[in-house]
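With the sequences and hints as input, model every part of the structure.
There are 2 protein chains.
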Amino acid sequence: MYLENVNGPGDIKKLQISELQGLADEVRETLIRKLSATGGHVGSNLGVVEMTVALHYAFESPKDKLVWDVSHQCYPHKILTGRKEAYTDPAHYKDVTGFTNPAESEHDLFCVGHTSTSVSLALGLAKGRDACGGTEHIVAVIGDGALSGGEALEGLNYAGEYGGRLMLVINDNEQSVAENHGGLYKNLADLRESGGNCTTNLFRGFGLDYEYLEDGHDIEKLIALFERGKKSERPIVLHVHTVKGKGLPYALDNREDWHSRGPFNIEDGYPKGGYPVYDTTIHDSLAELLTKDESAIVLTAGTPRALGFVGEDRERWAKTGRFVDVGIAEENALAMASGVAGYGACAVFGVYAPFVQRAYDQISHDLCLNCNPATILVLLPGVYGMKSSTHLGLCDIQMLSHIPNLVYLSPSCKEEYRQMLRYATTQKKHPTAIRVPVRFYESGVEDTADYSILNKAKVISRGSGACIIAVGSLIKMAEEIAASYKKETDKDVTVVNPVFLTGVDEELLESLKADHSLVVTLEDGELDGGYGQRIASYYGADPMKVRCFGISKRFHSDFNADELLAENGISVENIKEIIKSNT
Amino acid sequence: MYLENVNGPGDIKKLQISELQGLADEVRETLIRKLSATGGHVGSNLGVVEMTVALHYAFESPKDKLVWDVSHQCYPHKILTGRKEAYTDPAHYKDVTGFTNPAESEHDLFCVGHTSTSVSLALGLAKGRDACGGTEHIVAVIGDGALSGGEALEGLNYAGEYGGRLMLVINDNEQSVAENHGGLYKNLADLRESGGNCTTNLFRGFGLDYEYLEDGHDIEKLIALFERGKKSERPIVLHVHTVKGKGLPYALDNREDWHSRGPFNIEDGYPKGGYPVYDTTIHDSLAELLTKDESAIVLTAGTPRALGFVGEDRERWAKTGRFVDVGIAEENALAMASGVAGYGACAVFGVYAPFVQRAYDQISHDLCLNCNPATILVLLPGVYGMKSSTHLGLCDIQMLSHIPNLVYLSPSCKEEYRQMLRYATTQKKHPTAIRVPVRFYESGVEDTADYSILNKAKVISRGSGACIIAVGSLIKMAEEIAASYKKETDKDVTVVNPVFLTGVDEELLESLKADHSLVVTLEDGELDGGYGQRIASYYGADPMKVRCFGISKRFHSDFNADELLAENGISVENIKEIIKSNT
Chain A
1 MYLENVNGPG DIKKLQISEL QGLADEVRET LIRKLSATGG HVGSNLGVVE MTVALHYAFE
61 SPKDKLVWDV SHQCYPHKIL TGRKEAYTDP AHYKDVTGFT NPAESEHDLF CVGHTSTSVS
121 LALGLAKGRD ACGGTEHIVA VIGDGALSGG EALEGLNYAG EYGGRLMLVI NDNEQSVAEN
181 HGGLYKNLAD LRESGGNCTT NLFRGFGLDY EYLEDGHDIE KLIALFERGK KSERPIVLHV
241 HTVKGKGLPY ALDNREDWHS RGPFNIEDGY PKGGYPVYDT TIHDSLAELL TKDESAIVLT
301 AGTPRALGFV GEDRERWAKT GRFVDVGIAE ENALAMASGV AGYGACAVFG VYAPFVQRAY
361 DQISHDLCLN CNPATILVLL PGVYGMKSST HLGLCDIQML SHIPNLVYLS PSCKEEYRQM
421 LRYATTQKKH PTAIRVPVRF YESGVEDTAD YSILNKAKVI SRGSGACIIA VGSLIKMAEE
481 IAASYKKETD KDVTVVNPVF LTGVDEELLE SLKADHSLVV TLEDGELDGG YGQRIASYYG
541 ADPMKVRCFG ISKRFHSDFN ADELLAENGI SVENIKEIIK SNT
Chain B
1 MYLENVNGPG DIKKLQISEL QGLADEVRET LIRKLSATGG HVGSNLGVVE MTVALHYAFE
61 SPKDKLVWDV SHQCYPHKIL TGRKEAYTDP AHYKDVTGFT NPAESEHDLF CVGHTSTSVS
121 LALGLAKGRD ACGGTEHIVA VIGDGALSGG EALEGLNYAG EYGGRLMLVI NDNEQSVAEN
181 HGGLYKNLAD LRESGGNCTT NLFRGFGLDY EYLEDGHDIE KLIALFERGK KSERPIVLHV
241 HTVKGKGLPY ALDNREDWHS RGPFNIEDGY PKGGYPVYDT TIHDSLAELL TKDESAIVLT
301 AGTPRALGFV GEDRERWAKT GRFVDVGIAE ENALAMASGV AGYGACAVFG VYAPFVQRAY
361 DQISHDLCLN CNPATILVLL PGVYGMKSST HLGLCDIQML SHIPNLVYLS PSCKEEYRQM
421 LRYATTQKKH PTAIRVPVRF YESGVEDTAD YSILNKAKVI SRGSGACIIA VGSLIKMAEE
481 IAASYKKETD KDVTVVNPVF LTGVDEELLE SLKADHSLVV TLEDGELDGG YGQRIASYYG
541 ADPMKVRCFG ISKRFHSDFN ADELLAENGI SVENIKEIIK SNT
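In the order they appear, the protein sequences are chains A and B. Each residue of the first sequence is one higher than the one before, starting from 1 at the first, in this note's numbering. Each residue of the second sequence is one higher than the one before, starting from 1 at the first, in this note's numbering.
The hints are simulated quantities; they were obtained by calculation from the structure and are not laboratory data.
One side of the interface only, derived from the structure: several residues of chain A facing chain B at Cβ under 10 Å:
{"hint": "1", "residue": "L156"}
{"hint": "2", "residue": "R322"}
{"hint": "3", "residue": "Q398"}
To spell it out: a stretch of chain A is covered by chain B in this simulated footprint if at least three of its residues, at any positions, have a beta carbon under 8 Å from a beta carbon of chain B; those stretches are:
{"hint": "4", "region": "139 to 150"}
{"hint": "5", "region": "179 to 188"}
{"hint": "6", "region": "357 to 363"}
What you are looking at is a predicted structure, and each value in this text was computed from that prediction instead of being measured. Where a beta carbon is used, it is the ideal one built from N, C-alpha and C, also for glycine.
This is how it looks when you write it as structure tokens:
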């Protein structure tokens, strides 16, 4: 009965403060209903319902500027800023993205999906305001989990010097995606226990003013806090204690499981499609490594589940000190991996493709310059991986392939992955990255390849006329193209898995000149600066025709992988036609 | 008389503690003598002479592991670990690099030149030690200036959780390269003033134990501190107050000037070659921008001098709040630039090419995904820029050119630079990076190009047969090649400045097909994944021959730029011969 009259923040201000909890209850109920149908980020959004109502009551968005860190928690904000139909009406469920998006609303200032960015972005807005003579308030809302990221910490440090008006709301729900890691979380716990009054205070250490609110669901107190914050002429941290998943009892019991979730039954939280069955290949390979090699250390930066380590198994390995979650801190994880390998022990760091880019400098300078034999597992790379513009893995080849000393391996199946991991973790000559394919299948054939012969490609089938060099997940398509072409023409084309993305197999490329006139490269990432262009360059002065296919340079979002590939010419039919018309 | 008997750390232990200051004095004298002849990092090394003597007395390197952050301060360490001839004997001055280097000595654990890495690298060594059952001590030495970097802060946070033995020596000389920036430096000042006893303590906020030493030049106290540190079973911060430039009175007076310095007269510090004259083009262009556009904000991450802002001029602009040094914190600077531009103000961030890679994620996700019209000035790019393996700018094109929405402009002269900066800072459509060339000359011709016509290359001279597309600094060479070829053959080749590195001029490339059979691409960065391969790929299925030239994929070090170019085929003679034999 409240929400139906709220079409923007202005309508919230028309309500009495005593009515706001009623509005919050409706927002929470709306959220739960939609999330149960569609899935999404559950815990973080349920935890900020009251905070969001209070923010929009106390501030005047869009004049005042709210910056949501990582924006995992922006659904209540979207509901209250003119987009409620996307949450109340199933026909409109897909009208909004899961992240803040300036294209959707003037109340969304940035499109973000990586953590730890809000403090710096808000600092930029504040400096812009100061330069333009503006007077509006700037507020960043950042979760406790995001505080471990270097960008956030750099931002806190500069905020401590910046002298103007800026509010940093720490939404402390005592949880990252998984549990928090790092010494600062002990300080947050002490601050919570002492009502913000303990002697040691990290935020004051950065030179920031500070205030604490224990009940982050008391709207009246939240509004009073924000009103006091508005009066501060200096940057101030408003540390607010909230409950992740508030309103869903089963979400409180397992906050990691309920960070992000598929559709579920509201009564008991049971997943509508049943519990997903996860592939255990990565976990099993790493558990085997940890078991066989007592010097082995596996690192994650806040995403242990990405490596298959969950529950008691995770706890058991963490206790050995050799399964290490450093929190959301990719730079530290990568440099630590270099240090572990530099010591002579074995290090594996597993990271999602969209986040490996947070450690480019560490990969180049800390790891590869030192040529330490650590291993990076790049997870969910390419077009079949994550599909939001905020979480793309389309440029891992661009980012990694040019770095000296690095060997970037691209397995096409589980057997190859296991053999490559064995190779990478037992050799001592160079750092290795492994591009773990999303379409991860057993080939049924044991892989006995010797990966110490660098840049040696695998010829899957040998034909003549045309050769298809296909990266990772696209090997299967290349085989389909070859089969379809054979069926139509009774001729065989050559199919190659390049295996190494950090170099080309010159011997093979030379040999193709004898009886091939066309090389087609297929990759499931961006074309520009990708693998295929290295082949084109190799044959640049040669009569060999080279056609490179990859994804166009854009922040693609919410796409269907096969459709996006086809739009970029990567389909069995199109490539087959190109081969037919060019040979 | 002490130093002559010290050929390794073992020899230091043979001395009485009372004799160690004598050794330190000799090390300092040796340093001053060599630095006056060769130049190098002056202030930081003179500040750690006593600390280094004490470290090697208290610990047993190489069994115990010393990690020097950024390694700007490793000269005394090198002198004391078997490499003193490189400092005492002019004939051996070039035997060692300016950074720690495992290839030189088992006492050097990592090759590093970027700041803020030591905590994480040391954590990795500590985890490796724990896994391997080792018992040795691990010590990171990190300067106060490096603490503002996100990687160091991530490391401090994880160190607060790591439960094992680890010593973090904060070498606090109250100075970064330039002055320090950020709230944590207020805390360091309070800690110094209170003898480490003030209530607020950033390090304790990260969960770390802490001890302070006021006189970082008292060797006996330093040894006692390190001995206490050795007894700690948990990570402990040993905060040591030192004097940057100690021993050179004139270096104390201007610590920024004496951070790094060319050869000088010992008596008065006067530079042997006279004071260098710096090009003021960048400074003047930015000062003009700040003057004309009151919303303009210029950002630097700890290197204001790179933008030509020094002395009173810097202070004056800093006071306006629109010349902003965020300290060594590239991630924050880049995200702030996105925030400033997102607000609608004008933002320019200037950064050395080797350090732009510290903000890859922020460029892609925080800036380009949001398509905010901030400007990045990439300084000292390519082979003519910095020439140490720790400070290479050979991969800026690889790192930036594939990022969607970004426009990467490559001026060949000052006029083009100024016009590009005007364009970048007045348009509101996209983020722009400008690759400021090292060989920065006035062409004498006003540039009136309209850079809003994206990907439009400039044809410097039109010929036929062959076309040279040359990036940035190599345009001059391309013109020389054309002139030399003309002289020999009386034929004209086409010379093109691509201008845009984030796309190709398809219209021009198409038009070349009519009367050209060869395109040669020249770039002053790495070949692999660079600009030229985009041209090769464009012509992949066409009879046009394409020969791409760039630098080989290696961490090149201490090279002569022209020689390295020639080794990679980039010389007037070689390219001319290639054109002659291919057309």
